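Mind docking chain U on chain E? Use the hints.
If you read the protein sequences in the order shown, they are chains E and U.
Residues 303 to 570 (this note's numbering) are what the first sequence spells out, left to right.
Residues 303 to 570 (this note's numbering) are what the second sequence spells out, left to right.
None of these hints come from the bench; they were simulated from the model.
Note that the coordinates shown come from a computational prediction; the quantities given were computed from them, not determined experimentally.
All the pointers check out, no bait thrown in.
What follows is a list of derived Cβ distance ranges for each label pair:
hint : chain 1 : residue 1 : chain 2 : residue 2 : range
1    : E       : Lys505    : U       : Pro326    : 55 to 65 Å
2    : U       : His404    : E       : Arg416    : 18 to 28 Å
3    : E       : Arg416    : U       : Gly357    : 21 to 31 Å
4    : U       : His411    : E       : Arg416    : 16 to 26 Å
5    : E       : Glu401    : U       : Lys548    : 31 to 41 Å
6    : E       : His411    : U       : Met553    : 33 to 43 Å
7    : U       : Gly463    : E       : Glu444    : 32 to 42 Å
8    : U       : Ala399    : E       : Glu444    : 34 to 44 Å
9    : E       : Arg551    : U       : Lys442    : 52 to 62 Å
10   : U       : His404    : E       : Gln341    : 39 to 49 Å
11   : U       : Arg497    : E       : Arg313    : 47 to 57 Å
12   : E       : Ala334    : U       : Gln451    : 49 to 59 Å
Quick reminder that beta carbons are idealized off the backbone N, C-alpha and C, glycines included.
Number of protein chains: 2
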Amino acid sequence: MTRFDPYRVGRKFRLADIDPADTPCLKGSGEAQREQLDQLAKELDGLQNLLHAEGKRKVLLVLQGMDTSGKDGTVRWVFSRTSPLGVRVAAFKAPSAEELAHDFLWRCHAVVPRTGELAVWNRSHYEDVLVPVVEGWIDKAEARRRYAQINDFERLLAETGTVVVKCMLHISLGEQRERLQARIDEPDKQWKFSRDDLVVRKKWGLYQRAYEKALAETSTAHAPWFVIPADSKLHRNLMIARLLVKTLRDMKPRAPAPDPTLKGLIVE
Amino acid sequence: MTRFDPYRVGRKFRLADIDPADTPCLKGSGEAQREQLDQLAKELDGLQNLLHAEGKRKVLLVLQGMDTSGKDGTVRWVFSRTSPLGVRVAAFKAPSAEELAHDFLWRCHAVVPRTGELAVWNRSHYEDVLVPVVEGWIDKAEARRRYAQINDFERLLAETGTVVVKCMLHISLGEQRERLQARIDEPDKQWKFSRDDLVVRKKWGLYQRAYEKALAETSTAHAPWFVIPADSKLHRNLMIARLLVKTLRDMKPRAPAPDPTLKGLIVE
Chain E
303 MTRFDPYRVG RKFRLADIDP ADTPCLKGSG EAQREQLDQL AKELDGLQNL
353 LHAEGKRKVL LVLQGMDTSG KDGTVRWVFS RTSPLGVRVA AFKAPSAEEL
403 AHDFLWRCHA VVPRTGELAV WNRSHYEDVL VPVVEGWIDK AEARRRYAQI
453 NDFERLLAET GTVVVKCMLH ISLGEQRERL QARIDEPDKQ WKFSRDDLVV
503 RKKWGLYQRA YEKALAETST AHAPWFVIPA DSKLHRNLMI ARLLVKTLRD
553 MKPRAPAPDP TLKGLIVE
Chain U
303 MTRFDPYRVG RKFRLADIDP ADTPCLKGSG EAQREQLDQL AKELDGLQNL
353 LHAEGKRKVL LVLQGMDTSG KDGTVRWVFS RTSPLGVRVA AFKAPSAEEL
403 AHDFLWRCHA VVPRTGELAV WNRSHYEDVL VPVVEGWIDK AEARRRYAQI
453 NDFERLLAET GTVVVKCMLH ISLGEQRERL QARIDEPDKQ WKFSRDDLVV
503 RKKWGLYQRA YEKALAETST AHAPWFVIPA DSKLHRNLMI ARLLVKTLRD
553 MKPRAPAPDP TLKGLIVE
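In isolation and in its complexed conformation, chain E is listed as follows (with noise of 0.2 Å):
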C-alpha cells in the first residue's frame, strides 16, 4: 500500500469519490514544499540522466485534464530540474486534416519515448475518447473498441520497454471558473484564453462521465491511470513529480558496467 493507491484507478471506480480539493501530497509550511519540489525535480534528473546512460528503456507520462486544469504548469515545475535533453514534450491539439486521415494512435505512435527518453504528452490518445463521445460522433460500440485499441497499443510500448504513467488532473467545477476568470482579466493571461473552453465548460458533466468511464477502461497493471486532485497547483505538482520519482526509483536504471579491455587505454 503506497500514498498513491488511493487515487490509482481500479474497476469500480467512481471520480465523484475523489476530492479535487484534498492534499494527500501536501506537507509542512509553503516554503518547504516549494523546497521538496524543488528536491524532487533534481533527483527526477538525476534518475533521467540514469536511464540515458542505460539506453534501454523509456519512460511515458501522459497528461490530461479539463481546460486550466494544470497541464503547462505541471510541465513546467516537475521538469523544472530536468535537462532538456532527455525530456521531450508533445501537445496535442485538435487534429489536423493529414491527422484525421490516419487511425487516431497514428500521430500517437509517431512521437513515442526513444531508448532513454522521458515523453510527456500534454493531452494524448485520451481526447478520441472524451470529446467524440462527449460530441456523439461516435456510438458506445465504437467507444468500447477504442478503449480496447488503446489498450492494446499500451501494452506493445510497455512489452517493449516504456512505463506508461497516466494523470488525470482533476479539479472543481469552481475552480475552473476562478482560473478561467483570471485569464480574461489579467492581460498576461489572456493569450491563453479561448472562448471554445467556454462553450466546453458548459459540458461539464457530460466531460467527467467520459473521463470516469474510459479511466476506468484503460487502467491496467502495465498503464495505470491516477486522479491527481489539482485543485492545489503545488499539490498537483508535489504529488506527480513523487509519483514519477518513485517510478523512475523503482525502474533502477543504472550506467552500463564499466568495460575491462578499457582498461589501461591512454589517448594520444
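Quick look at chain U alone, frame taken from chain E:
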C-alpha cells in the same frame, strides 16, 4: 560593436586565430559566474515564454563541435531553467538508411521549430559538409553546392520567421585528450566513450580545416556563426547563454494585446 563581434565569423576568418582557452565572458569568482549563469537561464525562460505567448516567431540554435566539445553540457546548463514545453532538442547522429535515401536537409527540415518554439540542434546539417569532406566522399564542387544549399535553406527559415544562431564549440586538441581520458578512466562517464572517437581524433587537422571552410561559407547576415572558446565549460555556457539572451531580447517578443471585447466577460 558588441562583445560577440570578434567571435562572429566573417569571410576572412581563420579558426586558428581564436584561442579555445579564451574567456571573454568570464568575470568575477566561480561562485559569481554560476550565479550569473543561473540568472541568464531564468531570463531565457522568461523570454522564451513571451515568444510562446506571441506565437509568431521561432528560434533555432545550432550546436556544432568536435567530440567532447560540450554540446550536451551546453543544453543541460543553458536551458537549466527553461520549461521543456518551449525548448525542443534534436540530436543528429550518423544518418540511417531512410535518411540517406533523402537529400541531406530532409531530416533537418522535419524538426525545425514551430511558432513560439526554441529548437536546439545537437549536431546538424553541417555534419554533411564536415564528415564527407574529411573522408573525401565528395569533391570540392559538391561541397560548394552544399554550402549554397545550406544558405538557401537557412534563408527560407529566416524569411519565414526563424531567428537562426549557430555556435561552434571550439576546444583544443589537449583539452579533448583530457576529456576523452576522463571518459575512459571514470566509470560514471564510460558510457559516453566510443572507440570511434579516437579514430576521428586522429583527423583533427582535417576537421579544423573543414570547419573553417564550412563556417566561412555559411556565416551569413541571416544565419551567423559564432566560434565559442570552449576549453572552459563555464565560459562556454556563459557565452552561449549571453548570446541567446541578447538574441531574444533583440527580438522583443511580447504577448498579444488584450482583446477589448473580453472586457467585463464573466465566467458562469
